[in-house]
Amino acid sequence: MALSENFAPALTETREDFSEYVAHLQLHMTLQARNLVPSLSNTGDSRHHLLHQTQADIEKFVSRQGF
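Per this note's numbering, the very first residue in the sequence shown carries number 1; after that it's consecutive.
The set of hints was computed from the structure by calculation and includes no laboratory data. As the structure is a computational prediction, the values presented were derived from the model and not from experiment. The beta-carbon is built from N, C-alpha and C at its ideal position, and this holds for glycine as well. Hints are not guaranteed to be accurate.
As the list claims (entries may be wrong) - Now the in silico label distances, taken between C-beta atoms and shown as ranges:
1. D57 to A8: 26 to 34 Å
2. P9 to Q53: 37 to 45 Å
3. I58 to L36: 30 to 38 Å
4. N6 to T30: 47 to 55 Å
5. Q65 to N35: 15 to 23 Å
6. E5 to Q55: 42 to 50 Å
7. E5 to D57: 45 to 53 Å
8. L36 to E16: 14 to 22 Å
9. A56 to R15: 15 to 23 Å
10. T14 to L51: 36 to 44 Å
11. R64 to T14: 23 to 31 Å
12. L50 to T14: 36 to 44 Å
13. F7 to L27: 29 to 37 Å
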């Protein structure tokens, strides 16, 4: 068995861990950007606001779950 074949499973696992980390970081950055950038439209529609807030709450909840 070649030396590179011995490291293949560990390399694959490292890439998967890194990929999960990047996905988590992207989600975190998206949520932070949403908090920093004001909305372009101030419609005053309470249903739209409730939907937006619910989506943000769900994304925050999911982002805090352990991988």
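Comparing the hints with the structure gives:
1. D57 to A8: 26 to 34 Å: violated (41 Å)
2. P9 to Q53: 37 to 45 Å: holds (44 Å)
3. I58 to L36: 30 to 38 Å: Violated - the Cβ-Cβ distance for I58 and L36, about 20 Å, lies outside 30 to 38 Å.
4. N6 to T30: 47 to 55 Å: violated (38 Å)
5. Q65 to N35: 15 to 23 Å: For N35 against Q65, whose Cβ atoms are near 19 Å apart, the range 15 to 23 Å holds.
6. E5 to Q55: 42 to 50 Å: Since E5 and Q55 have Cβ atoms about 46 Å apart, the given range 42 to 50 Å holds.
7. E5 to D57: 45 to 53 Å: This hint holds: roughly 47 Å between Cβ atoms.
8. L36 to E16: 14 to 22 Å: Cβ of L36 to Cβ of E16: about 31 Å, so the range 14 to 22 Å is violated.
9. A56 to R15: 15 to 23 Å: violated (31 Å)
10. T14 to L51: 36 to 44 Å: holds (39 Å)
11. R64 to T14: 23 to 31 Å: Holds, at about 24 Å.
12. L50 to T14: 36 to 44 Å: holds (42 Å)
13. F7 to L27: 29 to 37 Å: The hint (29 to 37 Å, Cβ to Cβ) holds, given that F7 and L27 are roughly 30 Å apart.
Checked against the numbered hints above, the structure breaks hints 1, 3, 4, 8 and 9 and satisfies the rest.
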